[in-house]
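Participant: As you go down the protein sequences, you meet chains A and B in turn. Going by numbering that gives the first Met the number 0, the letters in the first sequence line up with residues 0 to 78, in that order. Going by numbering that gives the first Met the number 0, the letters in the second sequence line up with residues 0 to 427, in that order.
Check the hints yourself; a few may be wrong.
Stated by the list, open to error - As a list, the in silico DMTMM-like pairs of lysine to aspartate or glutamate whose alpha-carbon atoms are at most 25 Å apart: (1) 143/B / 35/A; (2) 106/B / 31/A; (3) 80/B / 18/A; (4) 143/B / 18/A; (5) 9/A / 81/B; (6) 264/B / 31/A; (7) 241/B / 332/B; (8) 70/B / 31/A; (9) 165/B / 67/A; (10) 106/B / 19/A.
These are computed hints drawn from the structure, not numbers from a lab.
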Amino acid sequence: MSEIADKVKKIVVEHLGVEESKVTPEASFIDDLGADSLDTVELVMAFEEAFNVEIPEDAAEKIATVKDAIDYIEKQKAA
Amino acid sequence: MLQSAGANSGRRRVVVTGMGMVGPLGLGVENVWSRLIAGESGIERITHFDPSDLPAQVAGQVPEGPTSEGKLTLSDWISVKDQRKMDRFIHMGLVAATEAVEDSGWKPQTEEDKCATGVMIGSGIGGLQTIYDASITVHEGRAKRLSPFFIPSALINLVSGHVSIKYGFQGPNHSVVTACATGVHAIGDAARLIMFGDADVMVAGGAEATVCPLGIAGFCSARALSTGFNETPQKASRPWDKDRDGFVMGEGSGVVVLEEYEHAKARGAKIYAEIVGYGMSGDAYHITAPSEGHYGAFRAMRSALKSAGVTPADVGYVNAHGTSTMADDLELEAVERLFGDDARTLAMSSTKSSTGHLLGAAGAIEAIFCILAMRDNVAPPTLNLDNPSRESVIDRVAHTAQQRQINVALSNSFGFGGTNASLVVRRV
């Protein structure tokens, strides 16, 4: 697992208070990990802070799963 | 409103069927009560933050530790994930409400019962520390980093909101903000909602958590806090004593479950007491100081006794507002005037000598103390009342608790803005 993926997972575990084993790449924040709309706003902010990236509103709306988050951040970091 | 016949007037009767509490003396109604009666104090040097820069350095803080020892382990009550979405005053309110609801045994299953159950838990100030933290974030130019939970964490009515969500109570969802009178207003107003038929059950009380730099500094600035006992914290809260020099801040929450009498009887609920009287007034005088002779307090008490249909002779115990400030003697004067000759047989104490002043939660925990005083026929003590600044025929229960027959008790709470409220409870 990449360093980014590892860090994303840690943030998700911490913010949503879920078991680490549940945070699979396919897991949906809302459907599988019990997040509500405010949780996802906070989560995106935490990603921005941790990775020092900007995630604009329209991009944030497309981040539904753990993998979506990892892919977006990896792309930003590579750019 | 001015009906005189209390329980016999035909209005719906309201009883207390559940109680919950967390505060400087610890977690749980029975634990706190036994420590109170034993004359213990919950005041200590402030540990929530370093108070060295402030003139007032003592407060009543909720002790942390194992639940089994009557202390608070927050994660036993609220998940770590949810804790981050609430200011500490909401934590306090949720803990006390959970104890009260569990104690009442009221678990509505039907839609109808859920809709007949409401919540009215207030706070004097609300999420002060949360607002402080958020202000810094914005001040540092990081407004976009502000948590989406900032507003719902700080809003006063969110204790009521969280309790309703936790238990599915879909009746009236309300909140009270009247500074240090909040707890009494919440219980009194909630009782009236039941009397008026808006609900059959109400979870009511107050919650506060302002032992934080902004809270202490703010009340210091208003010259309201004790500053002369930083080295002897347990001596700092000394209502009516000539050496008193201000109140001592406390944190915590008190919550009761109020229920229509027939409703409670029908389900075989344990009934602690009846809420029989409630009186309110405004001083229309000054933002922080009571008027000469505390006429506002006098009228609130008189109105509460009238609505209860009782006379001063019936009242065995008064839990005073008694904050350990100059205003203590004004309240004493008002009680003497109202009770007349009956003042000679009255016991009146200030439990703030033991817990400190829980602001918006004070009236709620003190209403519970009144109920327990009746249950056990014991008046809790006023600690540190070594030399009263004013003599009185009223027994202020100095230092140690007293066995007394108590069938009716009255609790006073007065707040900044000149708001006064009194509650009368009676043995059922």
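Participant: Each hint needs a verdict: does it hold in this structure or not?
Facilitator: Results for each hint:
1. A distance of roughly 19 Å separates the Cα atoms of residue 143/B and residue 35/A; the hinted pair therefore holds under the 25 Å criterion.
2. As the CA atoms of residue 106/B and residue 31/A are separated by approximately 29 Å, the hinted pair breaks the 25 Å bound.
3. About 12 Å separates the Cα atoms of residue 80/B and residue 18/A, which keeps this hinted pair within 25 Å; it holds.
4. Using a Cα cut-off of 25 Å, the hinted pair residue 143/B and residue 18/A is violated, with the two alpha carbons roughly 29 Å apart.
5. A threshold of 25 Å between alpha carbons decides the hint, and for residue 9/A with residue 81/B the separation of about 17 Å falls inside it, so the pair holds.
6. With a C-alpha separation of about 44 Å, the suggested pair residue 264/B and residue 31/A falls outside the 25 Å cut-off, and the hint is violated.
7. Between residue 241/B and residue 332/B, the direct Cα distance comes to roughly 16 Å. Compliance with the 25 Å bound is thereby established for this hinted pair.
8. Proximity of residue 70/B to residue 31/A is assessed by CA-CA distance (about 35 Å); at most 25 Å being required, the pair is judged violated.
9. Between residue 165/B and residue 67/A, the direct Cα distance comes to roughly 32 Å. Violation of the 25 Å bound is thereby established for this hinted pair.
10. Under the criterion of a C-alpha separation no larger than 25 Å, the hint pairing residue 106/B with residue 19/A is inconsistent with the structure, at around 34 Å.
Violation of the numbered hints given earlier is confined to hints 2, 4, 6, 8, 9, 10; the remaining hints are satisfied by the structure.
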